[in-house]
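> Residue numbers (our numbering), protein chains in the order written: chain A, 1 to 292; chain B, 1 to 324; chain C, 1 to 328.
FYI, nobody ran anything at the bench for these hints, they're computed from the structure. A quick note: this is a predicted structure, and the numbers were derived from the prediction, not measured. A couple of the hints might just be wrong.
If you anchor each label on the Cβ, the simulated ranges turn out as follows [claimed, not checked]:
1. B:ARG112 - A:ILE211: 36 to 46 Å
2. A:PRO136 - B:ALA147: 48 to 58 Å
3. B:ALA84 - A:PRO136: 52 to 62 Å
4. C:ALA189 - B:ILE263: 16 to 26 Å
5. C:ASP138 - B:ILE263: 30 to 40 Å
6. A:ALA24 - B:GLY87: 17 to 27 Å
7. C:GLN303 - B:ASN105: 39 to 49 Å
8. A:TYR45 - C:MET94: 54 to 64 Å
9. A:ASN180 - C:MET94: 11 to 21 Å
10. C:HIS159 - A:MET30: 24 to 34 Å
11. C:ARG314 - B:GLU204: 38 to 48 Å
Even for Gly, the Cβ is constructed at its ideal location relative to N, Cα and C.
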Amino acid sequence: MNETGLSRFWADFAQNRVAVVALAVVALVMATALAAPLIAPQNPYDLATLQLSDARRPPGHVSALTGLHYWLGTDAQGRDLLSAILYGLRISVMIGAAAGAIAFALGATLGAFAAYVGGRTEALLMRVIDLQLSFPAILLALVLAAVLGQGKAQLVTALVTAQYAYFARTAHGAAKAERNKEYVEAALSTPLPAWRVVFRHILPNAMPPLIVVATVQIANAIALEATLSFLGLGLPVSEPSLGMLIANGFQYMLSGRYWISIYPGVALIVLIVAINIVGDQIRDQLNPRLQR
Amino acid sequence: MSAPLLEVRDLRTEFRTRAGALRAVDGVSFSVGQGEIVGLVGESGSGKSVTGFSILGLIEPPGRIAAGSIRLEGRELVGLSHRALRGVRGRRVAMVFQDPAATLNPLLTIGRQMRLALSAHQALGAEAARARCLAALRQVGIPDPEARLDSYPHQFSGGMRQRVCIAIALINEPRLIVCDEPTTALDVSIQAQILSEMRKLVRETGVSLIWISHDLAVVSALADRVMVMYAGRIVERGPTRETLRAPRHPYTAGLLASLPAAIPPGAPLSQIAGSPPSLIDAPPGCAFAPRCPRAAEPCRAEPPWSEDGARAARCHFPLEAGAP
Amino acid sequence: MTELLRVARVDKTFAAPPRFGDGLLRLIGRAPRRAALRAVSDVSLDMTRGEALGLVGESGCGKSTLGRVIAGVHPQSAGRVLLDGAPVTDAAGMKTTTRVQMVFQDPFASLDPRMRVGDGLAEGPLAHGLTTRAGARDYVGAWLDAVNLPREAAGRYPHQFSGGQRQRIAIARALAMQPDLIVCDEPVASLDVSIQAQIINLFLDLRRRLGLTMIFISHDLSVVRHVCDRIAIMYLGRIVELGPGAEIFAQPRHPYTRALIDSAPRLALDDATAVFRPIEGELPSPLNPPSGCAFHQRCPRAQARCRGERPEMRTIEAGREVACHDPL
């Protein structure tokens, strides 16, 4: 997309106030999550800074020992929840983005390649992907996470395996439409090598629907990671993501210490809803049928 | 002289765009008589199709008819409510589009589509409706119409589909049919079939046609009168063959001269330099002047109509009669 | 004159796309039956260097498919396409030569919308070593000059150009590969009349300056007649008449050629010429071609023989071939 296209895209985007707010929320959450070590009041992983006597304090409590202001209260280990949420978001966002990016690259390449080659290879590849899509992603991720064990790399692998098929399906559809256009025939008549036709011509033109899928799938990856962590299949306890924070607070819910679960949950929901709103707006703008 | 069937006065149709108002049709006036075939010729963006859509009341936002009047059988159409327009559209004036595949509903048999078009305007019994459908199909030269009523659009060839579209346009016996490039997508042998059917139709039923086309050759053989459009305006009008034999407007002359049939094979074609102007914030004066070999200082001002009997050209320096 | 292109008994069939169930059906011994489309049947023709050949016919006659087979975009199903004695595609159907290039009908579709004009023009020559990264700018500039476009065009995107300008870009892209033969598929059909003349003049000029050999595919007889030396008339996948353009127009020998010339609209300047002479009947479907001569159902001269026996192409006088039992 060139500069005028980009500025026009933004002008259209700006007309939807809700989407602009959502985009601001996404940007803010991403920024604070990435900058967590710099802005968090406390390092929740550093056990030396934790005060067990400050465990399960309600929101707004000021520590008698350190003078720290616990805006969102503390958890069972005496961690400042705000700091824990920021660090948790950081992990969730990084894992979601990494899984999304790898699934995107893998799925888009596979789908576009299948569309380019055609014939039996295409039929076989796409049927395998269809087959995988008929399983719920969560089921696949659960099994893989259980088999591979804990750890960031294992988690990302599980998420990518569960999600690449969505990208492949979308990329295949879009690339199939591009494949029959004259500019691809022109590239074939030059002739240009296959990889060049796929990566320089077909994929860039198949990008709009993939971007839409990407926004949705990153939100899904974050939610999926939280689910796995909540179930104890995600990251080790030493690196608490949002899902684990929610799980840890769960046992205190009924004893009135709602904040340990609720605030991480709210953070998760806000992020996912905001990403989805942004994704919906991008989808509407890229859909030529809805354009005025 | 009785009032013409259709009278368009100073029609201006605009489209709102990011860059400003695009004046697609800019002060167009003409009339169409009973049983007449009027050719509306121009290149893409000349406003010929928008003129046709305006007559049918088919201009949707961001477009609007900004000014002017369209009177059909003496009744003003500009400013009519959607509801009132629906009573006119299809009944008194109908339209045939370029792409028959996009006009017909692929999920309904053509008999059903014809009956729907019929029942939108008239309450007829099943037998009478069927008879009317068969008559319309016969009129456009579809063989074995009884069997074809229950066919779906995809079972017809392109040429036959366009005939079905024309039959649907005919079904309520409108007085005027606006045909927007109806044969452009068809092969030449099929195009010739439809053109000769259309001429027969006009002779037999007295319906009037506005034939919108970019193809001078088609219009030259079909139309009684021709109007040449450029940049939203009519620049020349007159009896078809007289006009094409000795055009007065330099644009018409340029178009005719650029046809390959006009000169011996292999020789360079006479070409009109440049490309058509933008219709947003068009400068005053003659829109063709930047491309015109005859342009001079006065062309910056609005060109006058120079009339000569039934013929007229909107030019400061019209070509003399008999000039090439 | 040396022979440049030889097309020998070329067939092109498009199989119905494979479906997942087909393999299963075959396993249980019920081979799926799906009609293949035979778009080009048994076409042979030769071209000498510097010649311009017109391929003319109505939709479904296979002219575009034949053009694509010659340009190596689609491999042929049978027969051979030789350029200077060497095949255009290898055994796997991949194109092996850059010496035949193609210009497409719709310049809005044939240029990658996301690639700057200069990058699109340099891409092929760079991939095949016709220019270097350092020299690409000048190389592209020279070809933009050749099609009368400003050199600044290289920095812009296709959508910033009009239809006529885009077609010039598409022509420059084909020429930048320094081909011996260019195949032009309806290169002016989607352009306005006044722009058509500009592009036709460009072709005439390039042909003279560069000594190009051209195949010009069109449904418009007047355009082909103007640009080409020889004309091949196609009907339902086969060439039915082949010969010098002037002679074919003056005296067509195949009844279909005659009917095609008659039914083409021409400028009528008096009432006597304002007549339509349509060909009766419909174009048959290439999925289900008629027996014998494909034209016999619409032919005014058809005899019993035409229904049963397909006429082969034969030379009826020097330089003129026709596939008809009873030529005009």
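> Where does the structure disagree with the numbered hints, that is, which hint numbers, in rising order?
6
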